[in-house]
Amino acid sequence: MMTLIKSIGMIFFLCPVLLFAQADLTENKDYVHTQKGSVFKGQIVEYKQGDYIRIRMHSGDTVQLQENKIKKIVQKGKSLYLFKERGYFYHLQGGIQGGLGLYEDFVLGLSFEHTFGYQYNRWLGGGLSIGAERYFDGRQLIFIPVSLNIRGYFLPQNRTPYYSLNVGYGFAGLLDKQQYKEASGGLMLNPSVGIRFGSQKGAFTLDFGLKMQNAVLTRNPIEPSSWGWWGPRWLKKVEKIRYIRTGIRFGWLF
2 MMTLIKSIGM IFFLCPVLLF AQADLTENKD YVHTQKGSVF KGQIVEYKQG DYIRIRMHSG
62 DTVQLQENKI KKIVQKGKSL YLFKERGYFY HLQGGIQGGL GLYEDFVLGL SFEHTFGYQY
122 NRWLGGGLSI GAERYFDGRQ LIFIPVSLNI RGYFLPQNRT PYYSLNVGYG FAGLLDKQQY
182 KEASGGLMLN PSVGIRFGSQ KGAFTLDFGL KMQNAVLTRN PIEPSSWGWW GPRWLKKVEK
242 IRYIRTGIRF GWLF
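When the count follows this note's numbering, it moves up by one through the sequence shown with no breaks and lands on 255 for the last residue.
Simulated from the structure, these hints should not be mistaken for laboratory data.
Possibly wrong hints are sitting among the right ones.
Unchecked claim - Only pairs whose alpha carbons sit at most 27 Å apart, straight line, appear in this in silico DSSO-like list of lysine-lysine:
no. : residue 1 : residue 2
1   : 30        : 49
2   : 238       : 85
3   : 70        : 202
4   : 202       : 182
5   : 42        : 30
6   : 42        : 72
7   : 37        : 49
8   : 73        : 85
9   : 178       : 49
10  : 72        : 37
11  : 202       : 30
To be verified - Quick list of simulated restraints, FRET-style, between CB atoms:
no. : residue 1 : residue 2 : range
12  : 168       : 121       : 12 to 20 Å
13  : 34        : 196       : 23 to 31 Å
14  : 176       : 47        : 51 to 59 Å
Idealized CB from N, CA, C, for every residue including glycine.
Start from the sequences and build out the full structure, keeping to the hints where you can.
Below you can see the structure in the form of structure tokens.
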């Protein structure tokens with residue numbers, strides 16, 4: 002009798018344990034979502050970056066999926082790190098910049114930039130950038146900056162801080178020639194730091210930077226009589242300007 006009671010007690014004790022173990026065995030740890038909407042649940046056993054992923058299903062079967070057919074992968078509730086640390090990249094950015102204007106007042110400007118390059122590893126990549134900028138500082142200037150870009154990412158995670166540095170030349174043009182008759186650009190320097198959100202399929206970026214841009218402006222001749230007896234002596238015929246702007250940019254990287 003005691004043996005039967007012990008046996009029944011052991012069964013009741015083992016049932017929750019077995020159920021828990023079964024639940025643990027059948028827990029879906031990895032979720033692979035395809036471009037067509039299918040979801041494969043199991044455990045990733047092999048991942049060859051840029052080529053394929055192999056996932057072992059709970060049935061014991063192993064399925065191989067090409068990476069270009071995969072939309073996203075979620076592993077244990079978190080996105081799997083799939084950012085391509087080596088390969089070509091394209092980065093489109095737009096933002097606002099702020100600094101002092103013609104009358105020493107604070108003004109805002111707009112900036113857009115395209116960068117195409119090659120990422121050698123997580124820490125170092127390089128490329129060529131071209132953009133367009135307008136400062137709205139009363140001088141009617143527009144800049145077309147062309148520069149070399151270097152960049153890198155600090156962490157092997159989808160969400161990571163990164164650095165970027167652009168060095169080049171900003172070509173200048175005038176939208177209105179009432180005040181100035183010609184403009185020329187100069188050296189451009191733009192260091193920035195930011196955060197990347199996403200994976201190899203595309204990533205949202207947010208960065209903060211400092212923009213330094215040189216320019217030279219030549220004024221139109223002004224009749225002294227139009228300014229009274231003192232004349233326009235305080236106006237320089239040629240202005241050498243160094244813009245210093247702080248900015249915030251949003252972008253898409255793929």
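query: If you check each hint against the structure, which ones fail?
result: The structure conflicts with hints 2, 4, 9, although it agrees with all the remaining ones.
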